[in-house]
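Protein chains in written order, with the numbering used here: chain B, 1 to 142; chain E, 143 to 554.
Some clues are possibly wrong.
[Stated by the list, open to error] Derived contacts from chain B toward chain E, CB cut-off under 10 Å, selection only:
{"#": "1", "residue": "12"}
{"#": "2", "residue": "14"}
{"#": "3", "residue": "74"}
{"#": "4", "residue": "101"}
{"#": "5", "residue": "134"}
[Said to hold, decoys possible] Derived pair list, reagent style SDA-like, types lysine to any residue, alpha-carbon separation capped at 25 Å:
{"#": "6", "chain 1": "B", "residue 1": "83", "chain 2": "E", "residue 2": "193"}
{"#": "7", "chain 1": "E", "residue 1": "199", "chain 2": "B", "residue 2": "52"}
{"#": "8", "chain 1": "E", "residue 1": "534", "chain 2": "B", "residue 2": "83"}
{"#": "9", "chain 1": "E", "residue 1": "531", "chain 2": "B", "residue 2": "41"}
{"#": "10", "chain 1": "B", "residue 1": "68", "chain 2": "E", "residue 2": "531"}
{"#": "11", "chain 1": "E", "residue 1": "254", "chain 2": "E", "residue 2": "380"}
{"#": "12", "chain 1": "B", "residue 1": "62", "chain 2": "E", "residue 2": "254"}
{"#": "13", "chain 1": "B", "residue 1": "62", "chain 2": "E", "residue 2": "211"}
Hint data in this document are derived by calculation from the structure and do not stem from the laboratory. Note that the Cβ used here is the ideal one computed from N, Cα and C, for glycine as well.
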Amino acid sequence: MKRVYVNEQWCLGCHLCEYNCAFANSGLTDMVKALKDKPIYPRVHIEQSDDITYAVSCRHCKDPLCVKSCIAGAISIDDGVVKIDKNKCVGCLTCVLVCPYGAVRPGPTGAAQKCELCLENSCGEPACAAGCPNNAIVYEER
Amino acid sequence: MSKFVIIGNGVAAAGCIEGIRSVDSQSEITVISAEKHPVYSRPLISYYLEGKTTLEKMNYRGLDFYDKNNAELIYAAAEKIDVKKREVTFGGKKTKFDKLCLATGSSPFVPKMDGLESVKNKFTFMTMDDSLALEKVLKKDSRVLIVGAGLIGLKCAEGILERVSSVTVCDLADRVLSSILDSECAAVMQKHLESKGIRFLLSDSAESFDKNAAKMKRGETVEFDILVLAVGVRANVSLAKDAGADVNRGIIIDTKMQTTLENIYAAGDCTEGYDSSIGANRVLAILPNAYMQGFCAGVNMAGGDSSITNAIPMNSIGFFGLHCTSAGSYFADGEGEIFEQKTCGGIKRLYIKDNKLTGYIIIGDVTGAGIYTSLVREKTDLCDVDIDKLKKDATLAMFLPQTRRKKLGGVV
């Protein structure tokens, strides 16, 4: 299955992936309306270690702890993609407690959210990878 | 073709069904459930009272769960297990099994207290039916006394606070959430809960009751309209014990979830299994554990090979918007390094000993907490971790570049 992978040696730390992610998941068609002067809740985030930056998002683990640990039964695997049903989620953040990558975070309503590969939003494929100017984030089969 | 029977119908049972079906799509599965509900998310009963979920959304799996997994669900209380005949008796009927899983859960423990029988509106808080019964008596002017400041008592307090006039919580312990928080963190959470209007009587408990009044050990008399008893829970072990299984505080299981009886497995809150954070058996009554144990039991019952050797205590719990995550075990001052960082309205405490993170507590911003949890679970040697970065934030920056590249560059 195709997943999002990170080539940290190419990452510029420009945070464009975060903006593209927040926009793709906003449901809006105008990027300015979606992002300007608002707190954004991207599902990918840039971390820094010394002078290296890299993007972190859900690994779509084969045997995901978040799915097994969710107290609401709100996280499931659909064709390899780990998904959160935000209507069932009560925001207890047990998924945050167990994700070894720090890839799950609370969204704007308090429900947990994470990368779902943009398969169901208007982008259709991961917006972080599509918009990365330096191929530091790729969407491919490994 | 085998015949599998599961006693109990909580999350451990759901895990068991899915575990069996991951190996065996054909054999018969019968679930015997004392509660007359399809599997639901038990910890959500307080969220229900708070209006943050609905009875429908509390279903842990879709309504077609049993059909889809070709499992028969029977609402009845199991009465007896005949180990020799491999037979379970329930409601006057019998069913045979090749492999059995006990997922009997736990029950509220109600200590003997003088005058308790004179209290009309008294409740425990464990099941959907408990929650619905409590909801029926909640009134805007109700004064509620909750005995027990643990996870159950405080989630109940949060769930009902806006629907009643006052909530008082008492506990014999000197702090709130004594099973998961150290004193420093408990103080932070207590202050937050008090700021929302909950009153605490700690190091104190109800000595006796007289209708609508509780006489406290330390002298005060607390008047109430509704009493919630959340002192603690006890594993439901009697079926296993009567059948001859070794039982301590829970049904003893090995790392494959097998009890000391052949063909009989157990999973979830009724068990006492291996806790790798203390290197001994212990009741780990947490939902993730229930699911994983159930799944593991199911795989083994169906002829697969699965074991769990890295279970640890861990909790994520929030109150009125303030989150708290914790994992592992703590130690007394002087036995290792306790790193503390105060944050705006919160606190973080990391327990580091013998170059390992043995446990941690974060109240407030819990971003990335799972990275700490994984260090505890995997007993990661901190030689390969940048300790300063570890203390600062829970991010992948604390790892060596090659470790991090592996984490982010491969299929996991």
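Hints, one by one, checked against the model:
| no. | hint | in the structure |
| --- | --- | --- |
| 1 | 12 | violated, 16 Å |
| 2 | 14 | violated, 18 Å |
| 3 | 74 | holds, 9 Å |
| 4 | 101 | holds, 7 Å |
| 5 | 134 | violated, 16 Å |
| 6 | 83(B) <-> 193(E) | holds, 24 Å |
| 7 | 199(E) <-> 52(B) | violated, 43 Å |
| 8 | 534(E) <-> 83(B) | violated, 30 Å |
| 9 | 531(E) <-> 41(B) | holds, 24 Å |
| 10 | 68(B) <-> 531(E) | violated, 29 Å |
| 11 | 254(E) <-> 380(E) | holds, 20 Å |
| 12 | 62(B) <-> 254(E) | violated, 49 Å |
| 13 | 62(B) <-> 211(E) | holds, 21 Å |
Violated hints, listed in ascending order, are 1, 2, 5, 7, 8, 10, 12; each of the other numbered hints is respected by the structure.
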